[in-house]
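Chains A and B, in that order, are what the protein sequence lines are.
Heads up, the first sequence is in numbering that gives the first Met the number 0, so the first residue is 0 and it goes up one at a time.
Heads up, the second sequence is in numbering that gives the first Met the number 0, so the first residue is 0 and it goes up one at a time.
Misleading hints may appear alongside valid ones.
[Claimed, not checked] Using 25 angstroms as the maximum straight-line C-alpha spacing, the simulated SDA-like pairs for lysine to any residue come out as follows:
{"id": "1", "chain 1": "A", "residue 1": "Lys348", "chain 2": "B", "residue 2": "Ala78"}
{"id": "2", "chain 1": "A", "residue 1": "Lys348", "chain 2": "B", "residue 2": "Asp89"}
{"id": "3", "chain 1": "A", "residue 1": "Lys359", "chain 2": "B", "residue 2": "Leu92"}
{"id": "4", "chain 1": "A", "residue 1": "Lys359", "chain 2": "B", "residue 2": "Ala29"}
{"id": "5", "chain 1": "A", "residue 1": "Lys234", "chain 2": "A", "residue 2": "Ala262"}
{"id": "6", "chain 1": "A", "residue 1": "Lys359", "chain 2": "B", "residue 2": "Leu60"}
{"id": "7", "chain 1": "A", "residue 1": "Lys348", "chain 2": "B", "residue 2": "Ala21"}
{"id": "8", "chain 1": "A", "residue 1": "Lys348", "chain 2": "B", "residue 2": "Ala96"}
{"id": "9", "chain 1": "A", "residue 1": "Lys360", "chain 2": "B", "residue 2": "Ala109"}
{"id": "10", "chain 1": "A", "residue 1": "Lys348", "chain 2": "B", "residue 2": "Thr30"}
{"id": "11", "chain 1": "A", "residue 1": "Lys327", "chain 2": "A", "residue 2": "Arg306"}
{"id": "12", "chain 1": "A", "residue 1": "Lys348", "chain 2": "B", "residue 2": "Ala29"}
[Said to hold, decoys possible] Some chain A residues near chain B, calculated using beta-carbon distances under 7 angstroms:
{"id": "13", "residue": "Ala8"}
{"id": "14", "residue": "Arg12"}
{"id": "15", "residue": "Gly15"}
{"id": "16", "residue": "Ala17"}
{"id": "17", "residue": "Leu20"}
{"id": "18", "residue": "Phe26"}
{"id": "19", "residue": "Leu29"}
{"id": "20", "residue": "Gly30"}
{"id": "21", "residue": "Leu33"}
{"id": "22", "residue": "Glu34"}
{"id": "23", "residue": "Gly69"}
{"id": "24", "residue": "Tyr191"}
In short, the hints are calculated from the structure, not lab data.
Beta carbons are placed, not taken as given, at the ideal position from N, Cα and C, and that holds for glycine.
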Amino acid sequence: MSRGGRYYALAHRISGVALALFLPLHFWALGQALEGEARLESFLRWTEQPWVRASEWAIVLALAIHLFGGVRILMIEFLSWRNWLKNLGAASVGAALAFGLLFALSSGAHAQGWPQKPVKFIVPFPPGGATDISARLVAQKLQEIWGQTIVIENRGGAAGGIGAQEAARAAPDGYTLFFPSGSVMTANQHVYAKLNYDPDKDFIPVTKVVMGPQVLVVPANSPYRTVKELIDAAKAQPGKLTFGHAGIGSQTHLAAENFVNAAGIDAVQVPYKGEGPALTALVGGETHFVLSNVAAAVGHVNGGRLRALGVTSKTEFAALPGVPPIAKTLPGFENVGWFGIVAPAGTPKEIVQKVYRDTKKALESTELKARFFVQGLVPVGNSPEEMAREMREESQLWARVVRERKIVVK
Amino acid sequence: MTGMRGETLLWIAQRASAAVLALAVLVHLATMTYAVQGGLTAAEILGRTRGSLAWLAFYSLFVAAAAVHAPIGLRAVLAEWFGWRGRSRDAVLAVFAALLAAMGMRAVFAVFA
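Next up, chain B with everything else stripped away, as it sits in the complex (with noise of 0.2 angstroms):
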């Protein structure tokens, strides 16, 4: 993506994931905290996790923005530090983010379906 309007979208991408993401991941750590605590099996973790769409629709919602950070993140990174721009490295982390999305998605589908 290049253009001023494109890095905008981008810029606004990266802080509105950012933001989702801080909030989600200490709700992710207060559930961690409880199961882990609890001691909960795996039959126990799994039988509460399935069929609730509400933590369906939060994991969710937690890949979609960990596929969108990271790869806005990197694309910094890979610019400032090795000097990566353009086309190749954009579609590389296009699929970087296509792959981050479809893993996070099987795990969250995993758990919750």
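Here chain A stands alone, though its shape is the one from the complex (with noise of 0.2 angstroms):
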């Protein structure tokens, strides 16, 4: 055997001892990890680790030799090829598997050590409502997750739509991530006729974290003490009944929107300044009813100032023991509002998944459920595929319901 073959038959054994340790260590931690979901993230989040990663890059080199060598042993020995042309053949199969391998690691490195700064959320909607009170909630939790500050930015306007913009034009390095409420995602393209965002095109979905009902309400002295006393009500005198809404495009008014529709009823829209002010007017019995988020008109309803007739949701909502679903009355009606994160367009799909592993385990903390809880929202924390197959969903109902209920703003 030349010398150079010597080398080529030593790196050859010396990687083969390598991969022989490795493989029984690789096929336990599999066989582990795959024995449910549960485990197979909790498997993939391990293998972010910086010195996991080193190791499966030790791993690919290691393989990259032995079939290097191995290749050359298979063609000397059964094919005879000239020294020259062996080398090459082999090298081609080993470069090949070794650029193929850290191909596939170094697109899941992008993940990898993110995040190394600050992390912004934009929430298209001032402090205090539900929107920023969500993104406040488990952005607490993340920071614990990822070691790094998040910060919260408000910005408000154009019914979400001022911070749709911006977060659309952010640099799509995971380092600005948009916190919107569903509307803001699958109700203004169908509502304004002139949007300076595409929620289809400009974001990626990531995760919804929580999702709420809204709650019909009347003033305490109002003589409809059912939803159907409601509807009847409004069959009798079309066009007589108002509701009022936080504003032209908000979840509120188009909870309002899908409910007139779904009842077959005509009642008059009255927008306010946002959600208090629309239940103040309500308790004051300026408008006869309200779609209100459970978080803003639970306070009022267990005050005594406005009567609760019925949820959105399809069953009794825990928030409000006793209140009956809509759906009751008319079945199969369910109108859920939500508040989840997307992504600018061309953010590292590992960064996305990692904000979405993250974001589902920070919501299965007990104290964050009981936060919210509390403010009458339901963690979600659903997959990006899932909730890109439910925006679409929800995009066609709202496309429906504001053509039928001819809602556009110009």
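Two chains, two frames, some hints: make the complex.
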């Protein structure tokens, strides 16, 4: 054997021993990790550690060297190829393997070490609203997981359009994420004739953080004691009943329009500057009903100023015990608002996956669940794919409601 | 395993398993690249693999080839580097091969069954 041949053989042996030691560990770890979805999730998180990544690269190197030596041996023994040809052939196979594996690993390395500086959540509504509260609550937990500060930047205006535009134009490096309410992503494109962002093209869904139903409330002295009585009254006097909401295109507006549409009644909408003013006006008898977020209405209901007739979830909602679902009167009716995370288009998929996985993990905290429960919100933490599908379905629903109710802002 | 016939059989098994592994590693590489590049979640990966007989067969072959190839390779290394020959070495390597096959198949069934 030539001197070069001896070196090749030695490299083949050494890399072979390394692989033979690694293989049982690899099989054992996979067998453990693949016993269930939750274990695989935690295994994937474990593989993001720097030393695991470094080990993977070492194994890639060993595999490429071993394959090079092996292919070279097979070519000599079975094909009797000449020296330069067998080395070239073997090197090609080894290099192809090494580059392929390194490509696969490096794509996963986008998320490695992220985040290394503060992350910004753009919230497209003023502080104190349900979107802002949701973002701040989940951000507290994510800060613990990431070991980095999360800066909440409130950019209110244009029904979420100002914040959405800013987030859409942010660098897609994972350091700017957008925290919208559902209507910003699934309704505004139907309500507004002109929009300065494209919810579908400018963003990648990451995860829905929380969802919550609305509650149909009337003044405490209202003659309507059930959803059916309200609907019957509206049918008896078309166009006479009024409903207040937090602004054109807001979740409270769309929830009410969805209810009016499903009930087949004719009621007049009255926009207010926010949910609070709409509820204050309702207490004062300015309007007949409001479909409010639970968090905003629950104080008035418990204080005896408003009467809750029904919730928009399919079943009774734990935060409002004794209040029946509107679906009992209008079978199939459901209207659920949500707040979630989306990323500017072009954000690496690995970072999107990491944000999703870590948010899901944060939402498993009992403390966070309790804090959301008090706000009338339920943690979700679904996958980017599930969120994308649900957004498409919701967008179709709002397109129909907006068309049928003729809600367009020019 | 001793004797010329045994050595020849091991030599053939080593080369045949090497050829299978060379191909299988490339297929495995392409699969992993797709999964990682696609950013698939755990649920999605398991959703695609479970119940697939073709993948079950492929990875079973992969594990079988590895369980044959690695112990035979180590056999030569143990003899050349440490001068360890004979039945004790072969018995240890047979246990190693069985462990490798068992752990490999456990992983395969976890993914595909």
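Verification of the hints:
1. Proposed proximity of lysine 348 of chain A and alanine 78 of chain B is contradicted: the alpha carbons are some 48 angstroms apart, above 25 angstroms.
2. Pair hint lysine 348 of chain A plus aspartate 89 of chain B does not hold up; C-alpha atoms about 48 angstroms apart against a cutoff of 25 angstroms.
3. Using a Cα cut-off of 25 angstroms, the hinted pair lysine 359 of chain A and leucine 92 of chain B is violated, with the two alpha carbons roughly 44 angstroms apart.
4. With a C-alpha separation of about 29 angstroms, the suggested pair lysine 359 of chain A and alanine 29 of chain B falls outside the 25 angstroms cut-off, and the hint is violated.
5. The suggested pairing of lysine 234 of chain A with alanine 262 of chain A holds, with an alpha-carbon distance near 9 angstroms, which does not exceed 25 angstroms.
6. Distance check on the hinted pair: lysine 359 of chain A and leucine 60 of chain B sit about 37 angstroms apart at the alpha-carbon level, beyond 25 angstroms; violated.
7. Distance hint between lysine 348 of chain A and alanine 21 of chain B is unfulfilled; the C-alpha atoms sit about 30 angstroms from each other, more than 25 angstroms.
8. Proposed proximity of lysine 348 of chain A and alanine 96 of chain B is contradicted: the alpha carbons are some 39 angstroms apart, above 25 angstroms.
9. Between lysine 360 of chain A and alanine 109 of chain B the alpha-carbon distance is near 23 angstroms, which keeps this suggested pair within the 25 angstroms criterion.
10. Straight-line distance between C-alpha atoms of lysine 348 of chain A and threonine 30 of chain B comes to about 17 angstroms, which keeps the hinted pair within the 25 angstroms bound.
11. Annotation: proposed proximity of lysine 327 of chain A to arginine 306 of chain A holds, straight-line Cα distance about 17 angstroms (limit 25 angstroms).
12. The straight-line distance between the Cα atoms of lysine 348 of chain A and alanine 29 of chain B is roughly 18 angstroms, inside the 25 angstroms bound, and the hint therefore holds.
13. Annotation: alanine 8 of chain A was flagged as interfacial toward chain B, and the flag is violated, the nearest CB pair being 10 angstroms apart, outside 7 angstroms.
14. At a threshold of 7 angstroms, the smallest CB-CB gap from arginine 12 of chain A to chain B is about 5 angstroms, leaving the interface hint in force.
15. Given hint, glycine 15 of chain A at the interface with chain B, holds; its Cβ is 5 angstroms from that chain's nearest Cβ, closer than 7 angstroms.
16. At a threshold of 7 angstroms, the smallest CB-CB gap from alanine 17 of chain A to chain B is about 11 angstroms, leaving the interface hint violated.
17. Taking 7 angstroms as the C-beta contact cut-off toward chain B, the hint placing leucine 20 of chain A at the interface is violated, the least distance being around 9 angstroms.
18. For phenylalanine 26 of chain A, the suggested interface contact is upheld, since its CB lies about 4 angstroms from the closest CB of chain B, less than 7 angstroms.
19. For the restraint placing leucine 29 of chain A at the interface with chain B, the shortest Cβ-Cβ distance is roughly 4 angstroms, inside the 7 angstroms limit, so the hint holds.
20. A distance limit of 7 angstroms between C-beta atoms decides the matter here; for glycine 30 of chain A the minimum to chain B is near 4 angstroms, and the interface restraint holds.
21. With a least beta-carbon distance of about 4 angstroms to chain B, the hint placing leucine 33 of chain A at the interface is held under the 7 angstroms criterion.
22. At its closest, the beta carbon of glutamate 34 of chain A sits 6 angstroms from a beta carbon of chain B; the interface hint therefore holds under the 7 angstroms criterion.
23. Against a cut-off of 7 angstroms between C-beta atoms, the interface hint on glycine 69 of chain A holds, since the closest Cβ of chain B lies about 5 angstroms away.
24. For tyrosine 191 of chain A, the interface hint is violated, the least distance from its beta-carbon to any beta-carbon of chain B being 31 angstroms, above 7 angstroms.
When held up to the earlier numbered hints, the structure conflicts with 1, 2, 3, 4, 6, 7, 8, 13, 16, 17, 24 and fits the remainder.
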